[in-house]
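Novice: If you want the building blocks of each chain, they are given just below.
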Amino acid sequence: DARVTQTPRHKVTEMGQEVTMRCQPILGHNTVFWYRQTMMQGLELLAYFRNRAPLDDSGMPKDRFSAEMPDATLATLKIQPSEPRDSAVYFCASGSGLAGVEQYFGPGTRLTVT
Amino acid sequence: AQSVTQPDIHITVSEGASLELRCNYSYGATPYLFWYVQSPGQGLQLLLKYFSGDTLVQGIKGFEAEFKRSQSSFNLRKPSVHWSDAAEYFCAVGSNYQLIWGAGTKLIIKP
Chain A
1 DARVTQTPRH KVTEMGQEVT MRCQPILGHN TVFWYRQTMM QGLELLAYFR
51 NRAPLDDSGM PKDRFSAEMP DATLATLKIQ PSEPRDSAVY FCASGSGLAG
101 VEQYFGPGTR LTVT
Chain B
1 AQSVTQPDIH ITVSEGASLE LRCNYSYGAT PYLFWYVQSP GQGLQLLLKY
51 FSGDTLVQGI KGFEAEFKRS QSSFNLRKPS VHWSDAAEYF CAVGSNYQLI
101 WGAGTKLIIK P
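Quick mapping for you: the protein sequence lines, in order, are chains A and B.
If you're matching positions, the first sequence starts at 1 in the numbering used here and goes up one per residue.
If you're matching positions, the second sequence starts at 1 in the numbering used here and goes up one per residue.
With the rest of the complex left out, here is chain B (with noise of 0.2 Å):
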């Protein structure tokens, strides 16, 4: 079955830190991958996408992922949050018209 997981529900991380969320898939294929953030009362955002290529992507605010085919793993990274980043995020991956969703992971930056 198709289905993507967000091990973590909540991470906390404090303000300057780095930061990693974590993403695995399970499709039948490669799918197209993608990161979207949500902010409180806010619709998704696109953050960055990966189709093909280099397997290091880089997105808005600062964000990266990468790739990984051998793991199924789209992880998503930022080397020094800020408290502005405090928000939901959203790993989907599909083709043809229809993504998957993970349950997202909700982040919360310390002071």
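For reference, chain A alone in the conformation it holds in the complex (with noise of 0.2 Å):
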């Protein structure tokens, strides 16, 4: 059964830190999406890569957050330095399919910034 897997699941930090969430997406999938959730805004797209290539990374605050695919295997998103508000649920899915719409979603990882 593929999944789509994310580490760590849960990060807890103190403000000014750096940190990085990791994802693997379902092997063969040519499209991997990073996503944020919380209460107030609800499910935002931060960034996605086609091929491994960012096609769009508009959702993201720049100066702070970068997202890679180092292989195909691997998607990073690095938060540095991270603040409060930067408290979520952030998802990574991965898809294939008609467009590449058809998303694959990881379990998540919850972040607390403190």
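By construction, these hints were calculated from the structure, which means they are not laboratory data.
Bear in mind the structure is a predicted one, so any value in this text is a computation, not a measurement.
By construction, the Cβ of each residue, glycine as well, lies at the ideal position given by its N, Cα and C atoms.
Each hint can be trusted.
Subject to a maximum C-alpha distance of 25 Å in a straight line, what follows is the list of computed SDA-like cross-link-like pairs (lysine to any residue):
1) B/49 / A/51
2) B/49 / A/3
3) B/61 / A/102
4) B/110 / A/39
Rough simulated footprint, nothing fancy, chain B against chain A, three-plus residues with beta-carbon under 8 Å:
5) 43–56
6) 103–114
Hey, can you piece these two chains together into the complex? The hints should help.
Specialist: Here you go:
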């Protein structure tokens, strides 16, 4: 049963620290998405990649967030420096199929910044 | 503007009763349509999808949805809900690698 995996599942850190979240997409999927979910804003698209190339990262605060795909089996989302307002659940999803919109989600990383 | 509306923030249904969750969208062309479910503390799981063809689509866990082009709707239904169906349900529409998400409907099951 192919699944998207994310690590860590939970992260508590202090303001100003660097946070790195990792995602392993489903083998063979060529699109990867990063989302953030909060009670106030709901589900927000931060960035997405196709064939490892970033296609859109307009949803991401550029000054502190960065997303990369070093290879086809790993996507990373980094926050440096972290702030309390970054506290949220971060989801990675991978996709395939028609127009790349059919997305399969990982379990998420719950980030708390104190 | 492209948008997805799930008019009900919460819905409470008795166990064993039927369920319909509403989804309306505004989109330039007929998009691809999806329903996802999110249980507490979990990621989003794909319930069903519509790309083309038969407008009544079957999904997992006994759910189905009907695409009505004239109403720009894609409502989710289940004939008899189980306590395990308590979760949040998201409608999404899109094309070209991007989905537009509804705000979600939280389903509460009464025993």
